[in-house]
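Student: Note that the protein sequences, when read in sequence, are chains A and B. Everything in the first sequence is counted per this note's numbering, starting at 1 for the first residue and increasing by one. Everything in the second sequence is counted per this note's numbering, starting at 1 for the first residue and increasing by one.
Each hint should be verified, as a subset may be incorrect.
[Said to hold, decoys possible] Here are the simulated BS3-like pairs of lysine-lysine, each with C-alpha atoms no more than 30 Å apart in a straight line: (1) A/K555 x B/K40; (2) A/K309 x A/K51; (3) A/K205 x B/K77.
Hints were generated in silico from the structure; no laboratory data involved.
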Amino acid sequence: MKHKFSYKRCGFIITFFLTSCVSNSHATTDDIMASISGDMAYFNEVATATKQNEHYQPYIISVFQGKELEKLGISNLKEALRLVPGVDMATDNFNNQTPIFRGSNSLAYGQSKLFIDDVPVNNLFFDAYSEYLGMPIEMIKRIEVIRGPGSKTDGVNAYAGSINVITYAEEFEGFETNDNVVAKYASHDYRMGGFMKTYKSKDLKVFVDFYYQQDDKKLPSGPDGLSRGALGANNIPLSQSGDAPLWLKDYSLGVNIKYKDFSIKSRLLEHTQGSAYGINLALPLESDRLKLPSYYLEAGYDKEINDFKVDIKAGVKYDAFDSYSKLAPDGLVLGPSTFLDGIYGEHYALQRTLYQSSYLKYSGISNHVITTGYRLINEETIDMSSKLSNRATGDVALVDYTNTLPFFDADAKRDIAIFSLQDEFSFNNDLSFIYGFNYEQTSYQNAGFEPRISMVYQLDTKNIFKAIYSRSHRNASWQEMFTMNNRARVGSSDLEPEKVDAFEVAYINKFSNDSYLQTNLFYLLNKNQIHNSTTDPVYKNIVDTDIYGLELEYKGHISSVDQLYMNYSYVTGTSNIRDIAKSEALSNVAHHLAKGYYIYNLNPSFSLSGLAYYVGSKNRVSTDAREKVDAYTSFDTALQYKNLQNDYTLTFSIKNIFDADIRYPSAQNTYSQDYAQERRTFLISLKKEF
Amino acid sequence: MKKIILLYLTLLNIAFAYNYDDVLLKAQASIFPKIMLLDKKVEDKLIRGEIVYTIVYDKYDYNKALEVGGYINETYKGYFHKYKYKINFVDVLELSDKTEASAIYVLNVEKETQKVADIAKKKGVISFSYDIGNLKNGLMFSLVIEKSTVLYLKKENLYNQKVEFVDSLLQIVRFTESDNIKNKVLLNNGSEFDIKYAKTVIDIFYN
């Protein structure tokens, strides 16, 4: 049977065929476009999380990659932070080391916050994080340092700066990291061993890191604070010089678990160190120790539902001040008692912090992302004991003074509630704003309303401008509020928060995808800075400081096989001391800081690097007759060999090659010769990846 | 202070080379092959029935080129959509008119980008650059991580006779500054109109 040719049928078939083709073609194009959009959204997320787009963010930030720092022979977090523009290190008689950002109150802690994988870890006692500064660099994927108050939407106030340490628990699809083991040996008989391991199944990911490290560091010090009358004029002859015990022993176990939208971040750090320069400024014994343990656990729930993103967290953190030490030398006379065998003391205060936060992000309004939420914090001392040699008889055996003469307020407690609201407004592709505020109330003095506004303008692909105004504060630390019955420090619960109004502008010139020069100017109006002294040990809000300066940061290359990083910062200003109505130049602050490194990749296996630091001289407070703290320059070098076949890396480095005399300033009437730091040292590290 | 200003000005004027950013490399390795598929004339560029994706590198960067190739293979597992593909690794000094290429991706090449662009133009294939700075030398696309991921296209480097992109691609590209039409898009017939209108038209068309 023959089919009759039909124009109608033919037309239908052709129309059907063409429609199918066009429709298939559209479907294909749609699929590809959807796939590209998905890729771009994914890489946006990775870039934002890993701060690849740092130059477009509304704050002044420097980012250091752990593997690059390993190439430089940098051993731990503290050494890495020395590289940050505008950051200098300081210490005290506990050897409580702390980074000082832009010359801000060098005698206080808590002006900067440390986060480990976004969890705040400053201890409550000092509001410091000295116990984490020894964290080995091999455990650190990236360090993000924001100078200035920075972002506050998560309810955590950064005052002068914030440091976010990202461990290898962070992982994105396509950017997986290897498990590894590491061992290190260095001067002062430093030994370290550690590993990282990731377990994965369909929806579950468990990341574990562990390290152990110890050394027997001791450095020549003195004469100690007795020479300046720290324990009375009659005891000045008992002053000693000798080796300060600065040894270290750490165990740390971190466990991060991610299951679908739930996460748990936890860490257990057992940190023990030598008693350094003595609680009461008398040189302690070699075996005397200070424990600063830190344990935290944070549970989180993170979910995106259409235009909403919810982020709920709840956590608990424990930290303690646990000291056992000889506090004063043999023969000390205190009131009617003579302590023939000296004074010993055992002080213990255990703190617990509970917190819960909920934040909601809404992106349903065109060009706006609105974030709002709260953070509730409960801080409390949950255990305290205070033991001393017998104050009445002078007998050396310890007597329990927990109830009669405590060193600390056993009922110390503070509640904090923070509410925040923020809008990110993209005016167009080139211009965006962030504005919002934090409002904070505490059970003591309130910080109140703190606004923030910032602008980022991208003139073209190479030129970016930023302007930021923000107000922030630092609540007084436990030590500043609740210490008692101590000759060196007396707390006050009436302290107002330290406050800062920060004005910052920045210009970034991007030479290429990864070479840039960042220039920024800042002006900081600090109010209510908390101070005390040996002559008046009560902590008070007595200093206002105006600080201004500039920072330059360059990263790039001279050739395609090297990396060059340099920064310079200048800071100056005045301190207005309220109780004596006097103004003076900033003290204990280096006006000039310059740092830099150069890595030359000899071939894919070998790299050679050099690191240099210059820290300018520092003025003393006007009543301190000592000479300025001297400027210093130090150089490090490292050679790294990477075996590409067997995935192991061997690094050898020498630090402070020319044996520079590096000293961190001591407070007036304490250790008159300041705190001497390490001279030339070496480090060998071996890392094997799997 | 004078020394500081001098150092600052010197830094601003030194010509610096590159290093590789892993996130950017992977973003480019993921997205560039898909861009190629949005060329309506992609079939004209097949070589023996398959796409030849040529990665051009400087001699120091051979391992980096292999890394990019490895990531592409891991992502695409042998096929760019329905087309089988082959990755061709070519040292920039050995690149010539005879080099097989359905598209060219150029890593960090300091001096020979003009030559690469000329060869891509002569062959009528799409060229992608790791560094946006090389678009001024005649390469066509680059991808940059700014506040978000941005795909840049150098309008002048479109070879209209041999490459014809689907209109929807123009929704997401941004033109380089020298085109002086940052917010405008280019249609296949060479005319331009504001991207917000393009978006509206495309939305209507697809919805």
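Student: Compare the structure with each hint and give your call.
Tutor: Cross-check of the supplied hints:
no., hint, verdict
1, A/K555 x B/K40, "violated, 41 Å"
2, A/K309 x A/K51, "holds, 20 Å"
3, A/K205 x B/K77, "holds, 25 Å"
Comparing the model with each earlier hint shows a violation of hint 1 alone; every other hint is respected.
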